[in-house]
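Here's the letter readout for the chains.
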Amino acid sequence: MSKIKYFIEQSWLLVTASFCFGLLIAVTDAALSPRIRENKETKLNRLTADLLPEAKRVVEVEEEIEVKLAGGKKERVKVYKAVSEAGECVGWSFNAGGQGFADKIELVVAVDKNFEKIAGFNVLVSNETPGFGDRIKSSYYRSQFVGAPAEKLQLVKTGDPKKIDSEIVSITGATVSSEAVIGIINTFLIRIKEQMQQKELIGNGK
Amino acid sequence: MANDNKQTTGLYRRALLAGLWRENPTFRLLIGMCPPLAVTTAVKPALTMGLSVIFVLVCSNLVTSLMRNLLKPHLRIIMFTLNIATFVTICDLYLRAYLPDMSEILGAYVPLIIVNCIIIFRAEACASKCGPVVSVLDAIGTGSGFTIALCILAGIREILATGCFFGVRVMPGGFVPWLAMQMPVGAFVTLGLILGLISAVTRKKEA
Chain S
335 MSKIKYFIEQ SWLLVTASFC FGLLIAVTDA ALSPRIRENK ETKLNRLTAD
385 LLPEAKRVVE VEEEIEVKLA GGKKERVKVY KAVSEAGECV GWSFNAGGQG
435 FADKIELVVA VDKNFEKIAG FNVLVSNETP GFGDRIKSSY YRSQFVGAPA
485 EKLQLVKTGD PKKIDSEIVS ITGATVSSEA VIGIINTFLI RIKEQMQQKE
535 LIGNGK
Chain H
362 MANDNKQTTG LYRRALLAGL WRENPTFRLL IGMCPPLAVT TAVKPALTMG
412 LSVIFVLVCS NLVTSLMRNL LKPHLRIIMF TLNIATFVTI CDLYLRAYLP
462 DMSEILGAYV PLIIVNCIII FRAEACASKC GPVVSVLDAI GTGSGFTIAL
512 CILAGIREIL ATGCFFGVRV MPGGFVPWLA MQMPVGAFVT LGLILGLISA
562 VTRKKEA
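Heads up: the sequence lines are chains S and H, in that order. Heads up, the first sequence is in my numbering, so the first residue is 335 and it goes up one at a time. Heads up, the second sequence is in my numbering, so the first residue is 362 and it goes up one at a time.
For reference, chain S alone in the conformation it holds in the complex (with noise of 0.2 Å):
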């Protein structure tokens, strides 16, 4: 009993201030998060159209893709349709996310209509190492995957990183960041591949 008194001595103050502090920390996420989502939002819809010049708008597929990750979980994936000024579809982006060096890493990805060549990437989010892991945001990453097969993609140590293929040359010092993304797209986009061609979104002529 004396030992309960004790640790209730002890500790009232550190328990009710986390409660209060988390309580804080909940009302300003609540007050604050639509208006941080539709921030998120306008973004993605900036990086889709610096990766799809061509499209004038996207609009989001209704039906449903879902990729299965590591672990077995299911992740429903937003995938747009960028569509050009005279209705045309010029390619497609869809949001992918995974575990960075340092935090979640969240990505753009976009391809083009037939889903054969990735049109690039772009990051939406990433808390990665600034001078290291952050680079994965730097043109000389970022440049290797336009026009890449969209296919599984490699990463490697040496190589030219101006040769466009499924080879990718990793960032010097920043290796767990430039697998994390490859991790991450080669995840999402092989599986949202197959499930467009299942539901017909893509291939025979579309």
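Treat the hints as calculated values from the structure; they're not laboratory data. Check before you lean on any hint, since a few could be wrong.
[Unchecked claim] In silico SDA-like links for lysine to any residue, alpha-carbon gap of 25 Å or less:
(1) S/LYS412 x H/GLU465
(2) S/LYS496 x S/SER477
(3) S/LYS438 x H/LEU460
(4) S/LYS438 x S/VAL480
(5) S/LYS377 x H/LEU473
(6) S/LYS337 x H/LEU473
(7) S/LYS486 x S/VAL510
(8) S/LYS451 x S/ALA383
(9) S/LYS438 x H/ILE475
(10) S/LYS377 x H/TYR459
(11) S/LYS374 x H/ASP462
(12) S/LYS527 x S/ALA436
(13) S/LYS471 x H/LYS405
(14) S/LYS527 x S/GLU409
(15) S/LYS486 x S/GLN531
(16) H/LYS565 x H/ARG389
[As the list claims (entries may be wrong)] Away from chain H, derived, C-beta distances all over 10 Å, residues of chain S:
(17) LYS339
(18) GLN344
(19) ARG410
(20) ASP446
(21) PHE449
(22) SER477
(23) LYS527
[Said to hold, decoys possible] Okay, the calculated beta carbon distance ranges per label pair:
(24) H/PHE536 x S/ARG380: 28 to 38 Å
(25) H/CYS525 x S/LYS390: 28 to 38 Å
(26) S/TYR340 x H/LEU556: 22 to 32 Å
(27) H/GLY557 x S/VAL480: 39 to 49 Å
(28) S/GLU419 x H/ARG530: 32 to 42 Å
Keep in mind it's a predicted model, so treat the numbers as computed, not measured. Beta carbons are placed, not taken as given, at the ideal position from N, Cα and C, and that holds for glycine.
Here the structure of chain S is known, so what remains is to put chain H in place on it, guided by the hints.
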């Protein structure tokens, strides 16, 4: 009575002014040196970082001061950390909602305010021993000193690296930008020169 008032005013003035020069965290105490080196490529992010630190310092010092009589000595550091982490999270959410571009530029450096030793130092040295008014004035003084230091560093680097100040062109047309000033080396060189200058001036004064 008049003497008491004079003493209190003196205490408040000292709390407010100490952080600006005599105990400036960047130029005199050399603590919390990560942001001065990392976010001073331009004045706008430096100012945002400075204002974020002022907000966190004021809130953390105020809360620490209000609970100072309840703090157990062996649990005080965890209480400070909890307190600081809460306000840093709120600040980060606010920046992501209202200043998304700035939040993106500052990246991981805003959450890293949690481990900035200026804040825990002021909580330990001032807020856990003084009343709320002195603690808040101390936070404003220290935070302002830190912000001014960041802006001086960022101003010099931005002018020399881009020819602009706060995004406005200030250098003549023929000016060749010193790109090195935008790189980490620029931060180290500028900081080193400023520290050398301050040291020379203070030594002269003391002599």
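Consistency of the hints with the structure:
| no. | hint | verdict |
| --- | --- | --- |
| 1 | S/LYS412 x H/GLU465 | holds (23 Å) |
| 2 | S/LYS496 x S/SER477 | holds (8 Å) |
| 3 | S/LYS438 x H/LEU460 | holds (21 Å) |
| 4 | S/LYS438 x S/VAL480 | holds (23 Å) |
| 5 | S/LYS377 x H/LEU473 | holds (24 Å) |
| 6 | S/LYS337 x H/LEU473 | violated (37 Å) |
| 7 | S/LYS486 x S/VAL510 | holds (18 Å) |
| 8 | S/LYS451 x S/ALA383 | holds (17 Å) |
| 9 | S/LYS438 x H/ILE475 | holds (19 Å) |
| 10 | S/LYS377 x H/TYR459 | holds (14 Å) |
| 11 | S/LYS374 x H/ASP462 | holds (11 Å) |
| 12 | S/LYS527 x S/ALA436 | violated (29 Å) |
| 13 | S/LYS471 x H/LYS405 | holds (21 Å) |
| 14 | S/LYS527 x S/GLU409 | holds (15 Å) |
| 15 | S/LYS486 x S/GLN531 | holds (17 Å) |
| 16 | H/LYS565 x H/ARG389 | holds (15 Å) |
| 17 | LYS339 | holds (15 Å) |
| 18 | GLN344 | violated (6 Å) |
| 19 | ARG410 | holds (23 Å) |
| 20 | ASP446 | holds (28 Å) |
| 21 | PHE449 | holds (29 Å) |
| 22 | SER477 | holds (21 Å) |
| 23 | LYS527 | holds (30 Å) |
| 24 | H/PHE536 x S/ARG380: 28 to 38 Å | holds (32 Å) |
| 25 | H/CYS525 x S/LYS390: 28 to 38 Å | holds (34 Å) |
| 26 | S/TYR340 x H/LEU556: 22 to 32 Å | violated (49 Å) |
| 27 | H/GLY557 x S/VAL480: 39 to 49 Å | holds (46 Å) |
| 28 | S/GLU419 x H/ARG530: 32 to 42 Å | holds (36 Å) |
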